[in-house]
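Protein chains: 2
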Amino acid sequence: MTAKMSPLDIQNRLDMLEARAQTHIDVPQIRAMLYGGQDKWDTQRKIVEILSKDSVFDKSRRSFMTRKERYKRGLAMTHRVFELQEVHKWSDADAAWVIRNMDEDVAMVLDVGVFEPVVKNQGSQKLLETYGELIANKGIIGCYLQTELGHGTNVAGLETTATYLPETQEFDIHSPTLTSSKWWIGGLGKTATHGVVQAKLILPGGKDMGPHLFFIQLRSLKDHSVLPGIMLGDIGPKAMGGYVANDNGYARFNHVRIPRENMLSAFAQVMEDGRYVRPPHAKLSYGSMLYVRAHMISTMGWAIAKAATVSIRYATVRRQGTKGPDGLEKQVITYSSLYYRLLPLLSRAYVFLFLGQNLVEMLAAMQSQLTTGDTSLLAEMHATSSGLKILASATAIQDIETARRSMGGHGYSDFAGLGRLYADHLPGATYEGDNFVLDQQIVRAAVKSCKTLLGLKSTSALTPSTAYLRLLLPEFYDTQHATEFPEWDDPNTVIALLEKRAARIVEARTLVVDCDASMDQRVSRAATEAFVAVQVGKMIQSLRSHLAESEAAVLAKLFNLYLLTTVESGLVDLLSFGIFPQNAERGRDLTGGLRTAIKQLCLELLPEAIGLTDAFGFTDWQLDSVLGVYDGRVYEALWARAQTEPLNASEVPDGYEVSDQPLCRCSMSD
Amino acid sequence: MTAKMSPLDIQNRLDMLEARAQTHIDVPQIRAMLYGGQDKWDTQRKIVEILSKDSVFDKSRRSFMTRKERYKRGLAMTHRVFELQEVHKWSDADAAWVIRNMDEDVAMVLDVGVFEPVVKNQGSQKLLETYGELIANKGIIGCYLQTELGHGTNVAGLETTATYLPETQEFDIHSPTLTSSKWWIGGLGKTATHGVVQAKLILPGGKDMGPHLFFIQLRSLKDHSVLPGIMLGDIGPKAMGGYVANDNGYARFNHVRIPRENMLSAFAQVMEDGRYVRPPHAKLSYGSMLYVRAHMISTMGWAIAKAATVSIRYATVRRQGTKGPDGLEKQVITYSSLYYRLLPLLSRAYVFLFLGQNLVEMLAAMQSQLTTGDTSLLAEMHATSSGLKILASATAIQDIETARRSMGGHGYSDFAGLGRLYADHLPGATYEGDNFVLDQQIVRAAVKSCKTLLGLKSTSALTPSTAYLRLLLPEFYDTQHATEFPEWDDPNTVIALLEKRAARIVEARTLVVDCDASMDQRVSRAATEAFVAVQVGKMIQSLRSHLAESEAAVLAKLFNLYLLTTVESGLVDLLSFGIFPQNAERGRDLTGGLRTAIKQLCLELLPEAIGLTDAFGFTDWQLDSVLGVYDGRVYEALWARAQTEPLNASEVPDGYEVSDQPLCRCSMSD
Ligand SMILES: Cc1cc2nc3c(=O)[nH]c(=O)nc-3n(C[C@H](O)[C@H](O)[C@H](O)COP(=O)(O)OP(=O)(O)OC[C@H]3O[C@@H](n4cnc5c(N)ncnc54)[C@H](O)[C@@H]3O)c2cc1C
Ligand SMILES: Cc1cc2nc3c(=O)[nH]c(=O)nc-3n(C[C@H](O)[C@H](O)[C@H](O)COP(=O)(O)OP(=O)(O)OC[C@H]3O[C@@H](n4cnc5c(N)ncnc54)[C@H](O)[C@@H]3O)c2cc1C
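Sequences listed follow chains A and B, in order.
In case it helps, our numbering puts the first sequence at residues 116 to 785.
In case it helps, our numbering puts the second sequence at residues 116 to 785.
Hints in this document: simulated from the structure, not taken from any laboratory.
Every value quoted in this text rests on a predicted model; they were computed, and no experiment measured them.
Errors might be hidden in some of the hints.
Unchecked claim - To give an idea of the chain A side of the interface with chain B (calculated C-beta under 10 Å), a few residues:
| id | residue |
| --- | --- |
| 1 | S121 |
| 2 | S167 |
| 3 | K168 |
| 4 | S170 |
| 5 | K174 |
| 6 | E274 |
| 7 | L293 |
| 8 | S296 |
| 9 | G402 |
| 10 | G439 |
| 11 | P440 |
| 12 | Y527 |
| 13 | F591 |
| 14 | R624 |
| 15 | L753 |
As the list claims (entries may be wrong) - Quick list of the computed label-pair ranges, beta carbon to beta carbon:
| id | chain 1 | residue 1 | chain 2 | residue 2 | range |
| --- | --- | --- | --- | --- | --- |
| 16 | A | A136 | B | K322 | 38 to 48 Å |
| 17 | B | K566 | A | P143 | 30 to 40 Å |
| 18 | B | K438 | A | R160 | 49 to 59 Å |
| 19 | B | R659 | A | M180 | 26 to 36 Å |
| 20 | B | W736 | A | V341 | 50 to 60 Å |
| 21 | A | K653 | B | D629 | 30 to 40 Å |
| 22 | B | G708 | A | L571 | 25 to 35 Å |
Where a beta carbon is used, it is the ideal one built from N, C-alpha and C, also for glycine.
Please put together the full structure from these sequences, using the hints given.
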């Protein structure tokens, strides 16, 4: 039976062509802005083209591979990146970008993302002399061993010991218990040759100085065998097939000796005789930790962008239900319940991508201040990056699933690609600080600022991340309850509302005696959203300096959609603190005006949706989704992909006859 | 290195023992109630014991299997169930229970769950004479072919045709296009021998009568080969490794002939000469469709119960952070952010399990009414089961992930078991009616009832699922806004609040001119939650007839926690319709009282949490979770399981040396 071209297949393409024709924006202009410049886009596009043509990076069989095969494929990819780097003269930064963007969480991600910056920033001069070059050239591969079987969040509770032995000027690294086994360590299971171990420093005499970092070799560079006294292994598969190619591993140390200079000495040092000394500029080294988190914001932004691209493309060509005047069923994206789910998600992709760019810039500014010994920006950067980390990871996880679910049954196919994206981004809520634990830090900082403000009765101590607290001062505080609704199309009034909400809830948290069980989550969310809202306001203002008028106008609407849906998700706070007018008439939904404004914005943005997702610049190879194909031919893609399923290789499946008996109990002639 | 017993390992067991000792409830009493009687529990427990000792049902290697191997394992399990049924003289109902509860979504689930009831209820006398026995004895295996590549929700849009040929008294089944390929059909890809196909009936002369059901043989019963004119295959892997053992498949028909009596004739029949006739009691057959949905409520309830058991057990033995007076870090379940996430989830498991029981009873009542031609309960059952299907599936998905995430990094291990549970329950939001599409049906029914009520000014037309609308009548309607908070410990006032919310929002939806994009979701949710709240009220009242006083008291608290957290999740509606008092003082959170009551209830329930999860009666084999082990020895279980990872079989991984070059670029002596 040959597959005749269905009317629906032809319609798929027409719908996509039509949607592209409808878009009013100049896609390349917005794309350049998203990539931080046309030249960056050009470079990355060239790289992606090279990768997508190289069979090592082929994705067509990965759905059918075992973990062992995926791990092996990951190694081959990693290896190939460095070969290609030489051939194409990519910079180290470009190669690192490839490692992070080749759509596979390989061990090397941890090397370039964590191990390398930590050693570079915190290693002693002597250590860097020995290993600096090797690390830079990938002569060794590193991992970061902090978490243990028994301890993650509570770093102070780590059980691994590093005992200083003045006689030999060595540290003795030891895992005293089962629960002190290092666990979850990316790249450790089978790949890494070296690592940085977090262990309790024990001074001669037995004094426990708490956790410090130590550089340690794990495997031989001759034959990759595990070094004596060390026990290493892979911790097994991850939930939902996530991180499949990464060998997150465990390690146990049986009195392993390392030289004194292997202690990373940026924070502290042990002298030959065992004296403990702190260096003057310890905080200098904090930068490398913030760097990891700052990167997460963009990573999450790109993940939402992928989910938005796939789901909006599919919803544009999928037709289902009511027939229109043209005799065709409606494109599902035209149903309000659908665009209401997908367009806000698109706005969040844009916001997080720009926030990520800003954060990296702020970080660079802080880094250069730090070199002059000025640590004033540190606390602020810490607060900002923690808040954004929580918001971006929690949002991305939810948005990817919203996008997947919006695609009905086909969204549940592995070939749709969003299940994989979800599984790989899910642990972002847990690593780099569990979100629920980080909430508490945000709250603590906000409450502290609030107390200072209420004490001083001045805004002098406020930073950008707590600027909203100014609204608690008498000159800003509305004693009356709100009686008028904000102008929903004026970002400034909307931002003010979100700042007011943060101010009121932080105030309540500061004054409360017996705090309820969900308040910290609410406070943390409100504080971060107020900060982000102000940033979004600045983004709106600066649009015209990057874009022509019509493009700027569309993005301004998209950003306003972000603001309005943020208000919508915070309505309970707004209503319960009296920031919303409260004289409802019978049958009147107080929140109706806001919601109608959201619907209106969505309708205005609908014709731009395909253009706005095209601007992310993903190729079909990058998305690897049969439902997100650029040309819209989703049915043909689904069909073709299903034919590659190994179960389809034989007509009667292996195992159908179990111990000579067919599954059916009796037989009957056909 | 041998694993010395860690202090933390010992503490694990002590903590679990202590938690069990603390529980005030008599676990077996509550367990019997959950299982619908002690005898049912006894039967099912015996069955589970047999399965868990049988190597065919062993789960220890499944994390490492390919889909092909998992499919094969599923076949072997299915086969074994029927062998065991003979050995142990299980009833057919017991065997069907095993198929649904053996923790693998095999093809046979669709046979016993959909195919068999549909054929039984809707097949002609003649069809049942030929196939009835065979189906009951699993002599043939069936599937249900409705969805197509191009159509799911919109059944009217299906393209497959069944053209009646009076000359031969046959139907010609045909797939005219690529998009008319049947798709997603459970058990079709490799297993099923027969199926029920949904196709457009075309009468002689060409009249299209819309979708009807046809019984069709797909594969030979001699050698399982695909019959001529039919093209079958597996559609490929599912997202996140879900439904891995099920061969959801596709089918295309090239003018396949089937005899006239193969049309399922409960709704309609085609006579020999091609005349179309409807039978008198068509609606009789609706029961079988409702049955599938009613079952989903319990299934979702058991899934939440598993997630609650695993996460609460782990949170009981996991210690992290602040040290208490005993020198030990706190059990994480004692952190408010943790118990606030887990205990409401536990309450939902209980509520859905009891709702599922009720629904099955209501269904039986309706079925016996139907046999007398009384269809009065049908519309009500349809509304109720749709609303509960949306609520249960959406809630279960969210709760499983909340539980998984609460376990920090270890929750992301495949061995923790909740990732698998999530992936397998995820499509519940999509099949049996996409939740967002079903929302519209709920809204339509509610608005219709509301119009009738406002027109008649009487409650005469209200059914249990719309009883809340009575609150719109003048005698119940509070013209004043609420000025006092409800008594949070009095379920009746809380239920009244949820009913009021439903009434007000349905009224607003009925009166609204331009509906916003999220209102239908809100209306649907509010209506269903009001119905459930009333049911929960009844459950509370009937507790004492099943349980002793102390057990009844604990469950009453648990149910009240359900009610309060439902109110919490509906706060926006309550506040925006003025059902909550609204005169906030400065810095006062209007919702604080409710939230404090929730915290208080959680604290009271905390000592009972382990007992309440034990009452679900899961064995370690059923849960298959290293973090949910009965004895609390989570670290030992995690360690032991990691050792089984295939990557750990060799010290240097396969593929480490790529094309004779190690991954490390240069080598250096160790
Ligand atoms: C995919 C992945 C990769 C990883 N890679 C690495 C790596 O390369 N190197 C490395 O060292 N680690 C790594 N980790 C480990 C990660 O850093 C930890 O999982 C993380 O720090 C959380 O700690 P935990 O898992 O011990 O959670 P826990 O601290 O045990 O948290 C369990 C629960 O308790 C709650 N909780 C804990 N403490 C408190 C408190 N004080 N107050 C209130 N609630 C609390 C949490 O919110 C959570 O719900 C990785 C983890 C994952 C999932
Ligand atoms: C695991 C699994 C097993 C299955 N097993 C079977 C089986 O055994 N037999 C079988 O026949 N089928 C089966 N199905 C198919 C299932 O019944 C369909 O996926 C389901 O009916 C949804 O239809 P759809 O996938 O076409 O989604 P669509 O209808 O294409 O929905 C796509 C999106 O459009 C929206 N939408 C669609 N119509 C409307 C509308 N009118 N108004 C507003 N929004 C709308 C939806 O909300 C959704 O967001 C299975 C599916 C899965 C995932």
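Comparing the hints with the structure gives:
1. S121: Constraint on A:S121 satisfied, holds at 3 Å.
2. S167: violated (20 Å)
3. K168: Violated - the Cβ of A:K168 stays beyond 10 Å from chain B, reaching only about 19 Å at its closest.
4. S170: violated (13 Å)
5. K174: violated (13 Å)
6. E274: holds (8 Å)
7. L293: This interface hint holds because 5 Å falls under the 10 Å limit.
8. S296: Nearest chain B Cβ about 7 Å off; hint holds.
9. G402: It is violated, given that the least Cβ distance between A:G402 and chain B is near 25 Å, above 10 Å.
10. G439: Not OK, violated: A:G439 not within 10 Å of chain B, min 13 Å.
11. P440: violated (17 Å)
12. Y527: For A:Y527, the interface hint holds, since the closest Cβ of chain B sits about 5 Å away, which is under 10 Å.
13. F591: Not OK, violated: A:F591 not within 10 Å of chain B, min 13 Å.
14. R624: holds (9 Å)
15. L753: Hint holds; A:L753 Cβ to chain B Cβ min 7 Å, cut 10 Å.
16. A:A136 <-> B:K322: 38 to 48 Å: Given a distance of about 39 Å, which is inside 38 to 48 Å, the answer is holds.
17. B:K566 <-> A:P143: 30 to 40 Å: Between B:K566 and A:P143, where Cβ atoms are some 53 Å apart, the hint is violated.
18. B:K438 <-> A:R160: 49 to 59 Å: Given about 54 Å between the Cβ atoms, the range holds.
19. B:R659 <-> A:M180: 26 to 36 Å: About 57 Å separates the Cβ atoms of B:R659 and A:M180, which means 26 to 36 Å is violated.
20. B:W736 <-> A:V341: 50 to 60 Å: The hint (50 to 60 Å, Cβ to Cβ) is violated, given that B:W736 and A:V341 are roughly 34 Å apart.
21. A:K653 <-> B:D629: 30 to 40 Å: Holds - the Cβ-Cβ distance for A:K653 and B:D629, about 33 Å, lies within 30 to 40 Å.
22. B:G708 <-> A:L571: 25 to 35 Å: holds (32 Å)
Checked against the numbered hints given earlier, the structure breaks hints 2, 3, 4, 5, 9, 10, 11, 13, 17, 19 and 20 and satisfies all the rest.
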